[in-house]
Every structure is written in C-alpha cells, then in structure tokens.
Amino acid sequence: MTQIIIQGLLLSGLYALIAMGFMLIFSIGRVLNLAYGAYLMVGGYVYFWVSQQLGLPQIIGIAAATMMGVIMGLLKHRLIVKPLKGDHVAVEISTLILAVVMQAGVVLVFGDASKILLPIVPGVTQIEGAAVTYNILVAAIISWIIIIGLYVFVRNTYTGRAMQAVSMDEKGAAISGIDPDRVNLITWGISGGLGAVGGVFFASYTQLSPTMWVGPLIISVAIVIVGGIGSIMGTLIVAHIIGFLEVIVVAKLAPELRGVFTMLLIIFVLVLRPQGLFGREEAH
Amino acid sequence: MPDIEIKKLCAFYGKAQALSDLDLSASEGEIIAIIGANGAGKSTLLDGIMGLVTCTGSVRVGGDEMLGKSSSATVAKGIGYAPERFNLFPYMSVKANLMVGAHTAREDVQTNLETVYRLFPRLAERKNQETATQSGGERQMVSLGRALMTSPSILLVDEPTIGLAPKVCLEISEILRRLSTEMGLTVVVTEQNANFALSLAERIYVLEGGKITSSGTADELTKDDALAQSYFGTKH
Ligand SMILES: Nc1ncnc2c1ncn2[C@@H]1O[C@H](COP(=O)(O)OP(=O)(O)OP(=O)(O)O)[C@@H](O)[C@H]1O
Ligand SMILES: [Mg+2]
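Chains R and G are the protein sequences, given in the same order. The first sequence runs 1 to 284 under my numbering. The second sequence runs 1 to 236 under my numbering.
In short, the hints are calculated from the structure, not lab data. Values in this document were obtained by computation on a predicted structure and should not be read as measured data. Please note that the accuracy of each hint is not assured.
Which stretches of chain G does chain R cover? Using the computed rule of at least three CB atoms under 8 Å from a CB of chain R, they are [to be verified]:
id: 1; region: 21 to 32
id: 2; region: 55 to 69
Heads up, simulated SDA-like pairs for lysine to any residue below, C-alpha to C-alpha not over 25 Å straight-line [stated by the list, open to error]:
id: 3; chain 1: G; residue 1: Lys95; chain 2: R; residue 2: Asn135
id: 4; chain 1: G; residue 1: Lys77; chain 2: R; residue 2: Tyr158
id: 5; chain 1: R; residue 1: Lys171; chain 2: G; residue 2: Leu198
id: 6; chain 1: G; residue 1: Lys95; chain 2: G; residue 2: Thr56
id: 7; chain 1: R; residue 1: Lys171; chain 2: G; residue 2: Asp224
id: 8; chain 1: R; residue 1: Lys171; chain 2: G; residue 2: Ser230
id: 9; chain 1: R; residue 1: Lys171; chain 2: G; residue 2: Thr133
id: 10; chain 1: G; residue 1: Lys127; chain 2: G; residue 2: Cys169
id: 11; chain 1: R; residue 1: Lys171; chain 2: G; residue 2: Asp219
id: 12; chain 1: R; residue 1: Lys82; chain 2: G; residue 2: Gln192
id: 13; chain 1: R; residue 1: Lys171; chain 2: G; residue 2: Ser214
id: 14; chain 1: R; residue 1: Lys85; chain 2: G; residue 2: Lys95
id: 15; chain 1: G; residue 1: Lys95; chain 2: R; residue 2: Lys82
id: 16; chain 1: R; residue 1: Lys171; chain 2: G; residue 2: Glu220
id: 17; chain 1: R; residue 1: Lys82; chain 2: R; residue 2: Asn135
id: 18; chain 1: R; residue 1: Lys82; chain 2: R; residue 2: Ile186
id: 19; chain 1: G; residue 1: Lys77; chain 2: R; residue 2: Asp179
id: 20; chain 1: R; residue 1: Lys171; chain 2: G; residue 2: Gly78
id: 21; chain 1: R; residue 1: Lys82; chain 2: G; residue 2: Lys127
id: 22; chain 1: G; residue 1: Lys69; chain 2: R; residue 2: Asn135
id: 23; chain 1: G; residue 1: Lys7; chain 2: G; residue 2: Met66
id: 24; chain 1: R; residue 1: Lys82; chain 2: G; residue 2: Val53
id: 25; chain 1: R; residue 1: Lys171; chain 2: G; residue 2: Lys223
id: 26; chain 1: R; residue 1: Lys85; chain 2: G; residue 2: Asp23
id: 27; chain 1: R; residue 1: Lys171; chain 2: G; residue 2: Gln192
id: 28; chain 1: G; residue 1: Lys127; chain 2: R; residue 2: Gly160
id: 29; chain 1: R; residue 1: Lys115; chain 2: R; residue 2: Asn135
id: 30; chain 1: G; residue 1: Lys127; chain 2: R; residue 2: Asn135
Note that beta-carbon positions come from the ideal geometry of N, C-alpha and C, so glycine has one too.
Given these sequences and hints, build the entire structure.
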C-alpha cells in the first residue's frame, strides 16, 4: 500500500511535468502538438549522447537536452505553425508527420535498439518501508520545482500573464499591447524545453527507444483532455489521477493493462464532460 | 494639429466593404461621439484604428501614420481601447486583467493602477474577483480600466452604455468626462444611444452604412429635423 502511494506520487509528479508543456500549447495555440512526444525522445537521446557517450557531466546533458527542446519548439512555431496560421488540422497532421520523421532520424543516428540510460542518481532508499530509487525520487522533486516555477512565472510576470491572456482572449490581449505571435513563439519554446527535460527523466525511468514518443504523448493527451484547457492546477490534479491509476493497475491487475484505463478515462471524459474535469467553458 | 486624424478610411471583411471613405478627427482633450444604428460600422471603425481589420486610407496619430501597424504598436503609440464585448480575460482576477493592460506601460503601472482604483472604487473592492463572475457594469469598468492601464492619450470606447442601467450610464459618462477634463485624454465614443452621445460629446459624427452622413456639434445636429427625428426622438 505504501509502495503504491509513494510510487504513485513520484510518477504523477513526472507525468505532470511532461503534460505541462503539452497543455501550454493546447491552451494558447489551441492545437494538439502531436510531435510533443518527440521532444521527450530527442531530449532523452541528447542527454544520452552528451553525458553517456561524450562523458560530460549530467547537468550539462540536461542543459543540452533542454536547449535542444527549446530550439525545436521555436523552429516548429516559425516553420510550421505560423505559416499554417489558424489551420489546426493541418498543424496537427504536420506535427504527427514530424514526430515520425524525428523517429527515423533517431534510428539513423542511434540505431534501432533501445538503450538503457544510467540512473541520473543511482541507488535505492527506503521511504516508510517502501523501496524507492533515487532516480525517480530526484525526477519527481525536480519536476515539482519546475512546475512551481512555471506556476509562479505564469501568474506573476508580464510574459506569463500575456500567455494567460492570449489563451483566454486573443483580441483582448492584442488591444492590451501584447503581440500574440510573439507570445505563441515563447510558449512553443518553453513547451519544447519542458518536454525535453521531462524526456530525460522519463527515459531514465523507462528506457530510450525510437518509439518512446508514443507513450508520453498519450499520457499528455489524456491529462490535458481530462484536466481541461488552460489550467496548471487541473493538469497537476489529473496527472495524479492518471499516475495513480497506472501504478495501481500495474501492481494489482497486470502491467500489460498499464495504459488501457488511461485511454478509457479519455473516452469517458470526452463523452461526459468535453471541457475536461477542471476545464473552463470557452468564452463566447 | 488634431490628435487623431482619419482620412478616406475604407475597411474590408474579405471582399465585403464595411466602411467607405470615412473622414474624422479629434483634437487633444476633445470628446467626440460616433452615432449609428446596428451594423453601421461603429465597431469596425474602432477595430480598424486598432489595426484589427484590413483597411486602406490613413489613420494619423500625433502626425504618425498608424495604418498597417500591429495592434501592439498602436497601443504603444497611446491608443487605449474598450471594445464592445469587453474581451476581458474571464478566469483572471480584476487585478490581473488590469496588469495585462500594463504590458506596454510598465513604468507607469503603479500610478495607473491608483488612477483606475480612484476612478472605479468598486474595482478596488473586488480586485480578486474573476471577471467571469462579474456583472455587465463591472466588466465595463474593468474594460475601461484595462485600457487606461496602457497609458493612453486617446481612448476609444465602443458603446459604453449598452445593456447598462441609466444610473451606471451616468457614472460612465461622468468618468469619460473626467478623463477628458482632468487627464486631458482624447475620447472617441461610439453610441446608438444618441441622447447619451449628445450629453457627453462636443462633436458628433453620424455613421450610416459605413459612411459619415453628417457631423457637427450637438446644437447643430439637433437643429436638423430629419436627423433629430431619426436619432434623438424629438421633432422641432
Ligand atoms: N467579422 C466580420 N466579418 C464580416 N462582416 C462583418 C464582420 N464584422 C462586422 N461585419 C459587417 O460589417 C458591418 C459593420 O459592422 P459593425 O460591427 O462595425 O457595426 P456596428 O455599428 O458596430 O453595429 P452594432 O451596433 O450592432 O455593434 C456589418 O454589416 C457587419 O455585418
Ligand atoms: Mg458594434
């Protein structure tokens, strides 16, 4: 029981971090960035390359991964999202294509076989009698720090408030002197960085493989659909629902069913409450 | 030199033309009103000034051409806008809505916030309320307040009295007058409520089907029988 609670809490923290970047884009650009999982994958591989193949310090590996994520996000906005302005279906299809292309790129550079990332912090500890790896513990703590930082940023800075403003009313933002295009660009950058750093932890928790982008993408879609648009709190709460659901299913039913209930939850919420459990009715 | 001078303004929604060859100007500290029926083009005119609608012609502010500039550039140039549907941020507090308005005028944020709370004490009382739960009158105040947070020298207000009780209309009209007299703001108001416009504005333009059909002071317009009948509900 303690094992489930502790594992659930730690995994949920990581899931919340992963979903944040996806939620930001969905809230502000109103598009599902189906290449989001690929940010995580590339983040994981960049970290692997820098700290395991080049042997540089881990912190540099994490920084390089984050930087790469930011760059990918910025480029994607400039090269794909902005030119396709307003055409959400076209953006979503091209992001999905992009994810597949990036998968092929990873296979080309790193090969088909999955790779094991060494734990970022090795070792195991006991919390309340439950065995916990330092790796997931550290991942969860850093996730929480980043999420709190993001929350403070969004609520207390001009840029953060501009992001909220654009997500709630683009015209209202524009007449307040905000350039929605610039806010979008910044958001894509932040989203890319969040995805990539989440990917480092996710890969160290699971493994590195060219298809690893699918799992976290589904988790993100689920958390955002169930949690609703535009809410860091909603995302956080639903990340815990889904994290615990997975841990309980794996421990009590069968590991193979890990993602099934998450999917069922998505359908259930789509049918019963399309704006999500914590979502807001769209204005107008 | 007029503070804002519009010449031969045409506005388009795709191929449909909503304004044609519209001329209009206001000098510093002046209050002007544009009256017109539903669909006359009032909101289009104000949106056009803000760079939100495709336009041709000329919109000069303090001598500089603003047409073709982005909305954020227009705001930075000193034009504040309280639009018809407010376009507030519903799940942000009153205070946060006002702070978004401060995006381009950060150095003035404290004084502007004090001014807004002084003009609208109700907003100070309710600064933590989300605007989604506010009444129409309160939202109008937040909308005006947010526009004032941009440190404007020209304030555009689209139909401020729509759906408001007569008492609140009076309050709003009093505040617009104070903005012009105490703070020297140029105020451009659109209205369907012609009597409100008459009581507030020094000069009035009549907009019909996207064209200015007449203009003048309140006295001049009320002397015109046909106009008085259709807009002011009186006959001389
Ligand atoms: N987004 C739009 N797309 C196409 N046509 C539009 C659009 N907005 C307004 N119009 C048209 O432009 C004309 C002027 O509309 P506008 O909203 O400016 O009128 P208004 O004077 O503000 O009316 P109201 O008093 O109802 O607010 C109308 O014929 C309207 O149908
Ligand atoms: Mg209108």
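Of the hints given before, which are not true for this structure?
-> 1, 2, 3, 5, 6, 7, 8, 11, 12, 13, 14, 15, 16, 17, 21, 22, 25, 26, 30
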